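Please construct the entire structure, taking both the sequences and the accompanying hints into account.
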Amino acid sequence: MTETTPEAAPEPASPSQPVAPAQSPVEPPERTLQPLLLHSLSELREIWRPLLEAAGIHSVTEIGSESGVTSQLLTEILHAAGGGQLTIVDPQARPISGPDDVTCKAVRGFSPDALKGLADSDAYLLDGDHNYWTITQELGAIALAAKERATFPLLLLNDVSWPAARRDQYYSPGRLPHEGVHPYSYELGAVPGKPSLQPSGFRGEGQFAYALEEGGPRNGVLTGVEDFLADHPELEYFHVAPVFGLGVILDRSAPWADRIRELLAPYAGSPFLARLERNRTELYVRLIEQQDAFGVAAQAVGRARREESVRCDVALSEVSVRELALRDELAGYERALASVRTELAQARLDSARPLPTSGWPQRLRALLRGGRG
Amino acid sequence: MCPLFTDTRLAHVWSIISSDLADGLCLDVFDTLLVRTVPEPVGAFTLLGERLQREGRLPFGMTREVFAKLRVAAEVRAREHSTTSRGTVEARLLEIYRELSVALAHAGTPEELAALEVEVERSVCRADLGVADLIGAVNKLGKPVYLVSDTYFSAAQLRRILERPELQDRTFEGVFTSSDAATNKGAVLYVKPTPSADDPEDVNQQDDVPPPGDGLFGVMLAATSIPAARLVHLGDHPEADLRAARHAGLQAVLYSKLTPHLERVLDREGTAPLTLTDDDRLDREFGDFGLTAVRARVLARSDAAQVPAGLARYWETGATVFGPPLAGFAEWVVERAKAFGVTHISCLLREGDFLSQLITEHAAEAGLTVSTLWVSRQVCALSTVYEGTAAELEAFLSRRRAPTVGQLLEQLGVPVNDVPALSELVDVRLDLPGVAGQALEAIAAEPQVRGTIVVRAARLRERLLRYLDEQLPSSGLALVVDLGWGGTIQTLLSRILQSAGRPLHLVGLYLATNATGLERRLDGVEMEGYLASFGEPSRLFAPLMRSPEMLEQLCMPDYGSLVGFDQHLAPELSPLRMSRTQEAQKAAAQAGVKAFSREWLRYRRSENPIPSLDSDAARERVLRMVSRFVSRPTTEEALAFSAWSHDDNFGSAAVEGLVSDEMLRCLPYLTAVDLEKLSMQELYWPAGVATVVNPTLARIAALSLETGADLADLSPPAAAGPLEFYIDAGGDFVAGPKETVVSRSAADGLSLVRTRIAGEGVRRVRIDPNGRRGMMRIDWIRMSFHLASVVDPVVVEVRELASHPQVAVGGALLVQPSLLEINTDDPQIVYTLDPATQGGLTAGTYAVDIEVAFAFLAIRPEPLLVEHAVAPTSLSRRVVRKAVREIGSRL
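Residue numbers (our numbering), protein chains in the order written: chain A, 1 to 373; chain B, 1 to 891.
Incorrect hints may appear among the rest.
A short, non-exhaustive set of chain B residues, derived as facing chain A with CB atoms under 7 Å [stated by the list, open to error]: (1) Leu4; (2) Thr6; (3) Glu55; (4) Pro59; (5) Met62; (6) Gly108; (7) Pro110; (8) Glu112; (9) Pro165; (10) Asp169; (11) Gln306; (12) Ala584; (13) Ala591.
Beyond 12 Å from chain B on every Cβ pair, some chain A residues (computed) [claimed, not checked]: (14) Leu118; (15) Trp256; (16) Glu262; (17) Ser317; (18) Ser351.
Hints listed in this document are in silico derivations from the structure and should not be mistaken for laboratory results. Since this is a predicted model, take the numbers as computed values, not measurements. Note that beta-carbon positions come from the ideal geometry of N, C-alpha and C, so glycine has one too.
Written as structure tokens, this is what we have:
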């Protein structure tokens with residue numbers, strides 16, 4: 001295969017052939033339909049990786065590790081920076097193997113409780129339970145741990161766009177204090193532009209629940225971030241819209257702050273990216289609605305088929321019962337025949353037995369004698 | 001359109017309502033309107049505990065089972081508190097969780113936990129589809145439906161649980177629960193306590209007598225204008241739903257969950273009652289997959305009710321024991337076919353006939369076609385004969401019961417006269433030592449005979465290949481399905497196709513494969529098993545492999561095995577050797593399996609399907625069902641199925657009864673070790689027969705299977721000690737062979753000792769009981785003299801030692817005809833062959849099987865206080881008899 005160099009002039013396209021979009025002839029196009037809906041923080045790696053590199057971090061804490069892809073990326077970043085410490089906080093956290101100069105610590109537990117007692121880090125990736133109570137507690141715990149630091153750690157947060165921006169999402173509402181939980185539903189779904197949950201829409205299929213209403217105080221991840229920032233004027237927030245949103249919190253006085261601003265400039269606050277994200281989520285919700293509508297129709301068809309199958313079942317059962325009755329009757333005849341044959345054979349044997357030629361007279365005489373006596 | 005019901009009880013309720021004998025329907029909820037995917041209600045607590053544990057909400061060290069037990073205990077406390085504080089035994093879910101929250105500090109508030117239990121209950125429930133149809137039909141008539149439930153759930157919580165697609169569009173006029181009403185359905189039965197003037201201590205005056213009232217039915221009736229007599233109630237509890245409903249004036253129909261026999265089956269399986277320990281083996285997510293509910297439902301079908309009485313046990317066993325594994329197998333085959341990307345499934349005859357019927361029901365939905373394929377081990381074995389060598393012909397010998405030389409020749413198409421060397425061995429079984437080798441070598445040594453076989457094999461192979469070309473794809477992959485075990489037919493078919501250059505790869509999907517398949521797998525034969533693969537899981541699968549005949553016979557069609565094809569490729573079959581009675585019984589069992597399969601499919605295809613039986617956990621659960629049947633049948637099952645006979649599926653005339661009279665006689669004497677040692681030829685279904693004849697032994701053997709306990713530990717040595725066996729082959733016993741066998745004691749002190757001893761030149765047989773002081777009752781001594789070149793051994797049986805002219809007793813006193821007082825260190829029982837009549841045995845015997853059945857009682861060494869009933873005599877029995885005759889004639 002020939003690699004195209006930037007200097008090489010492209011071949012003029014034949015008039016009859018459509019011009020293919022420019023792409024590398026070596027690497028196949030990246031598959032973006034697996035999963036159908038991009039949702040992981042790792043999908044935004046091209047944006048946040050340079051930020052961590054610019055901040056020269058040597059320790060990072062990841063809250064919520066999901067598939068472990070992001071954890072792997074973090075070990076690479078730490079290794080490139082000359083080594084360091086990765087702390088993973090997750091109920092199912094597992095230590096991952098990384099380069100020798102990267103220490104990996106897995107803390108199994110739920111944040112924010114699991115953050116207590118942990119050493120502070122240069123950076124945090126927050127991708128745990130996406131609700132106001134959890135995010136504010138996490139930010140508070142981080143702030144407490146970082147109070148001795150010269151600069152506040154660099155924070156990266158997922159799920160700061162719709163749907164969790166202004167609506168709490170709960171993986172385990174029973175774990176949160178009562179005051180931290182809005183009325184919620186596991187079944188109803190979120191629809192862009194509609195504050196109340198809907199019968200269809202974006203939902204967790206039993207895996208997580210959403211607050212019934214969107215907006216209002218103490219509701220949603222972004223609301224939690226804003227309330228935290230209100231008390232910390234030394235911090236600056238950047239919002240990158242795609243893949244459910246990437247939030248970046250940095251210390252204005254950090255030596256790497258300008259570089260971070262520079263790196264985020266194309267993305268942060270981009271109306272274009274916000275439109276794309278809104279379009280993406282709306283299309284997905286539309287797809288869910290159509291799936292649900294199809295499901296309802298399929299249910300109706302299924303019910304009709306079930307009714308039909310009951311009819312077939314009843315008919316088959318009747319035939320089966322008739323067959324068994326006939327077989328039973330036939331078996332009875334066979335047994336009766338066998339019995340008759342046995343009797344017949346015995347009768348033949350009896351008839352073929354020669355009459356006793358001796359013994360009887362004596363026995364008769366004996367009987368007669370006995371009779372007389 | 002008039003609704004149809006497969007359930008007799010629902011049909012009855014519908015007939016009441018549709019004929020205007022009732023104006024409304026009243027329903028119990030749990031186990032009536034709703035079925036669960038757990039065998040019992042408390043199973044839902046285990047699944048809730050599982051979820052809490054997964055979410056890290058249970059305290060350290062608390063398992064899901066401990067949570068379930070706490071949940072049960074908390075309910076008891078809540079009811080106690082409710083009784084004292086509110087005067088009702090009915091507790092609310094929130095009250096239960098208030099009790100429980102003390103033990104679950106970090107699990108959540110009582111409100112949250114109660115809400116979570118509602119969700120878990122909702123997830124384990126499915127609507128009973130028949131009842132859902134009934135409600136739909138009643139709704140259409142415009143008649144009201146009321147729900148009346150004794151439960152800790154409130155009406156609102158119940159409505160939440162009832163929010164499910166199967167019940168969409170069903171409307172309920174009212175929902176009444178005992179927790180809301182603080183009274184239950186059965187309260188209507190309580191007699192109002194009236195003080196008795198005569199007896200001031202009348203028990204009715206005790207404090208714990210519940211208050212009188214109209215109960216929950218009364219609450220429901222107060223909310224409707226329909227008179228009680230115009231309502232019909234359906235529910236599963238004989239007291240609450242039948243007696244109480246009738247007492248309240250309603251018409252009532254009982255919707256029992258389990259039959260008494262199914263309850264015993266579930267108990268033996270360990271399915272129910274649940275113990276709330278890890279023995280319950282509930283799947284983390286799917287509980288029991290809904291199997292208990294569907295098994296119970298299928299027994300109430302109208303076809304179950306109409307099966308002729310003599311066939312009912314077979315139908316029921318088919319439905320509840322064999323139905324789940326076979327329906328699961330059919331489901332699995334379809335899933336595997338989809339995974340392999342094929343569109344057609346070929347089921348190997350004969351069992352494939354029945355299997356194809358089951359699979360077709362599952363396959364239609366997936367767009368797969370199913371057909372049967374005429375093959376047999378005999379046809380495939382002959383078709384793989386290319387040169388007629390002894391090695392090739394050995395394929396004819398790989399069967400459970402060896403054929404005779406004559407049967408082998410017949411299957412090879414060779415007249416007996418063409419192999420003179422075998423003319424005297426026609427009736428000899430090929431498993432006798434040396435016979436197989438001698439026969440195969442003799443056949444291979446006759447060029448003309450070999451030629452005949454090779455030509456016949458080539459013609460059969462050509463027809464088989466033409467047939468296979470018609471039936472199977474020309475290349476690629478073909479799925480073949482069979483009951484299974486070693487994959488012999490698939491292996492032979494692959495060899496034939498490969499030799500003929502057909503680029504076709506066969507993949508075998510089997511109900512189960514045993515360890516025989518391991519070598520074949522290494523040879524490239526691709527096979528998979530549903531219940532077991534290559535004999536694993538071994539502990540559960542071993543009983544099934546010990547007695548595979550049950551499944552084999554159950555799946556048989558009404559025709560014999562394939563022996564060849566005619567020129568038009570029409571199959572030529574051996575005659576079927578099954579009685580019409582067994583045919584009818586088998587057909588009933590098959591009908592039961594199909595009924596379960598249809599019922600299962602109905603729930604699988606509902607709007608909210610029950611879980612698939614494709615998963616590993618489901619497969620183990622259904623394997624446990626069939627394994628239980630084989631290893632621990634109920635008496636009813638054992639009585640029904642132990643009468644079945646079995647043919648060896650090799651086109652031969654061999655038909656075996658499942659149990660011989662000799663074996664029936666032996667069974668009370670056997671220990672678990674002895675039972676395990678019995679060969680398949682002796683007893684096809686040891687557990688089944690033992691269940692009827694020796695239930696204690698059956699229980700011990702089953703216990704060993706369940707626990708993995710060593711059978712020897714469950715079979716204690718008998719007090720009699722080991723027995724020694726000697727053969728005098730002309731040089732006295734000292735020079736002859738000797739065997740020592742440890743005797744073991746069955747549950748009631750009976751013992752059976754068996755051994756085989758070399759017997760060339762046998763003149764006398766000696767049995768030495770151990771020299772322990774005691775009384776030994778010899779029930780029989782059975783000696784089987786195996787002669788070379790004779791099919792069956794010559795059997796000599798001694799029932800009475802005292803009267804048998806060829807038996808002499810030494811070193812012990814005969815105190816009754818067969819009762820020995822062992823009073824020396826060297827007791828002996830000697831059997832002497834009569835040279836005049838048994839000279840042939842001395843000349844031809846190569847081995848002797850000796851069996852001694854006895855009972856032994858150890859006694860103290862002092863002399864006996866009673867007179868001997870039969871005086872010891874040194875005279876031979878023959879002399880004594882002669883003397884008796886002479887005395888008789890003089891008298």
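So which hints don't hold here, by number, going up? 4, 5, 7, 10, 17
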